[in-house]
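Novice: One letter stands for each residue in the lines below.
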Amino acid sequence: METIINDIKTRFEVSNIVDQGNMSFVTCKRELAVALVTHLKDTEGFTHLVLLSAVDWVEDNQFQITYILNNPNRRLDIGIRTFIDRDTATMDSAHHLWEHAATYQRELKEMYGIDFPGSPRVDESFILEGWDDVPPMRRNFDTKQYSEDTFFPRPGRGSNDPAEYMKKKLYPNE
Amino acid sequence: MSKNNKLINWQPDRSKYPKLDENGKAIIDLSSQKFIKTWQGPNHPGVTGNMSLELTISGDEVVEAKTHVGYLHRGFEKLMERRLYIQCFPTCIRMCVPEADSNEYVLAAGIEHLDNIEVPEMAQWLRTLVLEMARLQVLLRTVPGQASTLSLGMGGQWGMYLRDLILDRFEELTGGRIYHMFIIPGGVRGLLPSGFKERMEENLKLIDDFILKIEDLIFTNAIFNKRTIGVGVIDPSWVDQYGIVGPNARAAGFKRDVRKDYPYLKYNELDYDVYTRTESDIYARSQVRKNDLITTVDLIRQILAKMPEKGDLRAKTPNVMHWKVPKGETYQRSESSRGEYGLYLVSDGSEMPRRANLRGPSYTHAVSLLEHMLINSNIADTHAIMVSLQTCPPEIER
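Protein chains in written order, with the working numbering: chain A, 1 to 174; chain B, 1001 to 1398.
If you are wondering where the hints come from, they were derived from the structure by calculation, not from laboratory data. Only a predicted model underlies this, so the values are computations on that prediction, with no experimental measurement involved. Mixed in with the good hints, there may be bad ones.
[Stated by the list, open to error] Cut-off 30 Å, straight-line C-alpha distance, at most; resulting in silico cross-link-like pairs (DSSO-like, lysine-lysine):
1. Lys144/A with Lys1078/B
2. Lys1037/B with Lys167/A
3. Lys1316/B with Lys41/A
4. Lys144/A with Lys1327/B
Just chain A, same shape as in the assembly (with noise of 0.2 Å):
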């Protein structure tokens, strides 16, 4: 794993490595990063698309998109991280590699409005149907703010401060 990182180290300009054995996680630039991930599948043996997934860091107005492959063969994984413009949101597509990969940027459109130009049936909607409010995932959507705003209350029930209410039980008399 060591060669390997070492070599990609000066031709992707891999940065933040974190070496957990079997396991790597390399930071690389948006421009680079699927020529990495091709790099890594053709010539390096990392075959099996584990995971292509992302993490939203809003407060640094960035999202971080992570490859994760496996050389079956050698029993190796490596995560590749990216970082994108979380306003503009646009990535490469990896639909060319794997074809599960178009799966995963398709539901990555969906659920973080990032968009993979190019990708099969990136558009189409994939869990959710007719959804037009902000992507689900994004960490500024608030699920408790939209169950409120779209189901109305079932009578009889209600909320309360978890702390207060088990206080008053256990310590009525307090």
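Chain B: place on chain A using the hints.
Specialist: Okay, now just chain B, sitting in the frame of chain A:
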């Protein structure tokens, strides 16, 4: 007689119709009246769970298939971002209803990895036991369940009875039948009850007998063979291209099993082989699962024989109500009955996960792979092909 055989073995030349465009996509004009659009699911006896297939058929041949999910979306991953780590467990386990324990394990392992917690040996044995019991109860439903898709329902009913016995063992060990929450960060919740091993052995003997009998009931059945051999073939070149894992990959000749390749818990102290086939059709996948069933029964016996009687159940952990998991990210995997089951966990150093993304095998099997496999199949085989991939819709729409 020879003419009849010729008729039975006749296969249409599916390469010529419908016409394909320059991108290799079928040209489908519904107004031509040569095609019918039909939906299989979400309420359909042949659909495993809440998902549906939008099928375009020509005659009895599927020319286009689209998987639709979203009937069961509960936003678990979003909810987990607003909950303490310990509160994530009741949410996380519901991501795959039939095999909840894999969810518990990957979440606990992720937290332990980020906070550098060593799980005591006794707890590791108990976790291994629970994961194998979970696999056993799933396979008791799945192996004969494949025959049920072809109207051989008896094995399926029988398997459900035996599965219930394993759920009884789960109930006495954990208090729950389906959702157990036995695996917690740092260890497990309890020891084996008194007499558990003996009662489990009684159940395993019944399952041994069941395995012998389903060989005659299902695997030598002429209808089952006719409907499964050569049907729903996965080309080995698709395995990495579509992210195929578990029994579906093993039936295509790939010796891949997370328990062997990336040993976790006590699997490296257990003796077993990974069974593979090369035909890669429905029959081969059923055989792989039947052999997984045999292996699991054997592994449970090995675990019960090797595990110590007593020991620490939990490592020392921070108070779960105020547990701030150190900043970092990890990917933890386990081998579920359907294949690699993983969790990508990101912590920002707070009391709640920043991101928890579950990777279930069905995500790829039931969407990109199934949509591809169904093209040119007979509509009567669609549910058998889907069940042979062992799809579990809740893990697609976490």
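Novice: Does each hint hold? Answer for all of them.
Specialist: Going through the hints against the structure:
1. Only pairs whose Cα atoms come within 30 Å are accepted, and Lys144/A paired with Lys1078/B is accepted, the gap being roughly 11 Å.
2. With a C-alpha separation of about 60 Å, the suggested pairing of Lys1037/B with Lys167/A is violated against the 30 Å cut-off.
3. Note on Lys1316/B and Lys41/A: the hinted pairing is violated, with a Cα-Cα distance of about 41 Å set against a maximum of 30 Å.
4. Taking the CA atoms of Lys144/A and Lys1327/B, the gap is about 26 Å. The hint holds against a cut of 30 Å.
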